[in-house]
Amino acid sequence: MARYSPSVAKLISELGKLPGIGHKSAQRLAFHILSLPSEQVADLAGALTEARESTRLCSVCQNFTDKDPCDICSDTHRDSTTICVVENPRDVATMERMRDYQGQYHVLHGVYSPMQNVGLDQIKLKELITRLQGNPGVREVIIATNQTAEGEATAMYISRLLKPSGIRVTRIASGLPMGSDLEFADDVTLSKAMRARHEF
Amino acid sequence: MFIRSIHIDSFRNYRRLDLDVEPSINVFFGENAQGKTNIIEAIYLCACARSHRTSKDRELIFHGENGYRVQLDMLAHRYRPLIVCREDAPVLAPTDPEKGVISSVIQKGDLPYSGRKKDDYYEESLAITYTEAADGPDGLRRARRTAEHDHVPLERISDFMGLFHAVIFAPEDLLLIKEGPSVRRRYMDLLISQVRPCYFHDLITYSKLLAQRNRTIKIMRQKQSVHMLSDLEESELEIWDYPLAQAASRILVERILFSERIRVLTREKHEQISGGKESLYTRYRTVSGVLTEEIQKDPHKHLEEIENLLISRWKATHQDDYEKGSTGLGPHRDDLELSLDGDGLRAFASQGQQRSAALALRLAELSILREETGEMPVLLLDDVFSELDAGRRRCLLANMEDAQVFVTCTDRNFIERELFDLADPAVSMKSEITFYEVTDGSVTRR
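Going down the list, the protein sequences come from chains A and B. Letter 182 of the first sequence, counting from 1, is numbered 182 in my numbering, and no numbers are missing. Letter 120 of the second sequence, counting from 1, is numbered 320 in my numbering, and no numbers are missing.
Quick caveat, the hints were computed from the structure, so don't treat them as lab data. Source: prediction; values computed, not measured. Among the hints, erroneous ones may be present.
Simulated crosslink set (DSS-like; lysine-lysine; CA at most 30 Å straight-line) [as the list claims (entries may be wrong)]:
no., chain 1, residue 1, chain 2, residue 2
1, B, Lys423, A, Lys192
2, A, Lys124, B, Lys423
3, B, Lys515, A, Lys163
4, A, Lys126, B, Lys418
5, B, Lys497, A, Lys124
6, A, Lys124, B, Lys501
7, B, Lys418, A, Lys163
8, B, Lys497, A, Lys192
9, A, Lys24, A, Lys10
10, B, Lys501, A, Lys126
11, A, Lys163, B, Lys408
12, A, Lys124, B, Lys408
13, A, Lys126, B, Lys408
14, A, Lys192, B, Lys408
15, B, Lys408, A, Lys17
16, A, Lys192, B, Lys501
17, B, Lys501, A, Lys163
18, B, Lys423, A, Lys126
Bound-form chain A, shown alone:
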């Protein structure tokens, strides 16, 4: 990286560490940042540090938040008898986008995966159990981890853990995307949709 001065090289390498940013994008971003007026760069830097410093995990749902408990957990209009368990904070945003779900969330921050060195104590599973123990009002836990081998395994584990408590545990359905043609579905999805078909 001798083509760049050390400070530019450092900026490119830091940007390149971000997910989805390759070397070329990092380069483009770096030069864009260098071309900005210095106040704007200060704003960006400020936003980065501020977000990092003021963001904590909500003590209830473990989602990122500025205040504890978070907006969703402290919203009294929401249904506190239902908890939707998701893998990461991004998934909460996705769920909220549909504006259809009125219950609360629990963010695991990952799934159990020893191959990636993620043990059971690294995900917020204990927190979920403690939360349920302290809230006898919860009637249903919806597990919405990803449809991967590990996501499925974690989902099955949670369901077995909760079974003795009598809480209803459900798994979100998987199948065909809305508004798309059957012919574009892949075989595995289609077969899963066939297996989970229901009566009218």
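With chain A's structure known, arrange chain B on it following the hints.
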């Protein structure tokens, strides 16, 4: 489905090859180590998304390059019927797709459509591209393997399975008999994956979960010296038992169903080969011992039962697995057992008997693919004529029917004589044979 042309880039000893081929018999001849088998390998790569000779993509790349590409352009039927042919039903096999001539007689009522015309064919293209990991000026790039269907990259390699079918007959087939269970599991897995895409998905899920379970065991062993597992550790292993059993039970059901068909077909084919003197018996054997006779009869109905049996077997062997360091039971350890008149083939059979059994397994594969897809798969014969005696050769030719065939050999005259002499005198096969000479990575039609 017929291959019309083969396009190869930086693959094995081919820098670049564009070759039009015929829908009948294509013979590649030439000295050893000129690249005959590499053409066969390239075609097979597009059927199974992996080579029959190696699992390392790196070995397939032309020396000095950083990736390869194999593309097949073909003509395919518009319909992909599901289980159309019975063993005794006539096979649909048009000899000349351009003219729309249909060679076999089709009995109405046996098939969902009464005939195929030129319009029933469409062009299709399949490709596999591999690029090696590189640390170039653009930063680190990971090794990438992409499958394309009609020039559109597929999201998953599993979507590629089942688009094109080929059966390979090669000298390495003998390993099916000689080697351990893993070779025969691979034989079953490749066969079933081609016609049951979900099976392929289940296999991948299973191997992922198995790796997780074994890793969990390994971590436990690293933390402490070997001891009796605590309840907590037991429950940690149990986390994997449940999803594993889900995938494993589906894998087992398909394997049981297919092994039954393989059993019937291999016996029949083997009788043809050996003239009915010996009888070959195959049986699917589980190390987990979950298969009762009742389950074998109708595995689909017992899916849940198999799942529960597996869970209880795995639970009971936690301590064992922990002490050995890996998961000891499951479909990843099973075998397709072969025996000849009651004796194990691996230990007791002669070289010739083993060859017959291997040929029977391949012919069974051919029949199953034909039954499942309703059309003849492409046949790849890699230097097998010199290894088989006249009787076995005749049997192989009898099963070729109107398939598109790719043959490699060193002696052109020998193969010409063989194909001509052994063929049904009523049908002159000679006119349908096209010869290609292979010399050091280049191919010329002769």
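Straight-line Cα separation of A:Lys126 and B:Lys408 no greater than 30 Å? Satisfied, since the Cα-Cα distance of roughly 25 Å is no more than 30 Å.
Within a Cα-Cα threshold of 30 Å, do A:Lys192 and B:Lys501 meet the stated pairing? holds (18 Å)
Mind checking the alpha carbons of B:Lys423 and A:Lys126 for me, to see if they're no more than 30 Å apart? holds (21 Å)
When you check the alpha-carbon spacing of A:Lys163 and B:Lys408, does it fall within 30 Å? Judged against 30 Å, a Cα distance of about 26 Å means the pair holds.
B:Lys515 paired with A:Lys163 [C-alpha distance capped at 30 Å]: Distance ~19 Å between B:Lys515 and A:Lys163 Cα, so the pair holds.
A:Lys126 and B:Lys418: Cα distance at most 30 Å? holds (23 Å)
Given the hinted pair A:Lys124 and B:Lys408, is their alpha-carbon gap at most 30 Å? Since the Cα atoms of A:Lys124 and B:Lys408 sit roughly 23 Å apart, the hinted pair holds (cutoff 30 Å).
Under the criterion that the straight-line Cα-Cα distance not exceed 30 Å, is the pair A:Lys192, B:Lys408 satisfied? Between A:Lys192 and B:Lys408 the Cα gap is close to 19 Å, so the pair holds against 30 Å.
A:Lys24 paired with A:Lys10 [C-alpha distance capped at 30 Å]: Measuring from Cα to Cα gives roughly 14 Å; hence the hint holds.
Does the structure keep B:Lys418 and A:Lys163 at a Cα separation of 30 Å or less? holds (29 Å)
Take a quick look at whether B:Lys408 and A:Lys17 sit within 30 Å of each other, Cα to Cα. Holds. B:Lys408 to A:Lys17 sits at ~27 Å (cutoff 30 Å).
Regarding the pair A:Lys124 and B:Lys423, is the alpha-carbon distance no greater than 30 Å? holds (22 Å)
Hint check: violations occur at hints 1, 5, 6 and 10; the rest are consistent with the structure.
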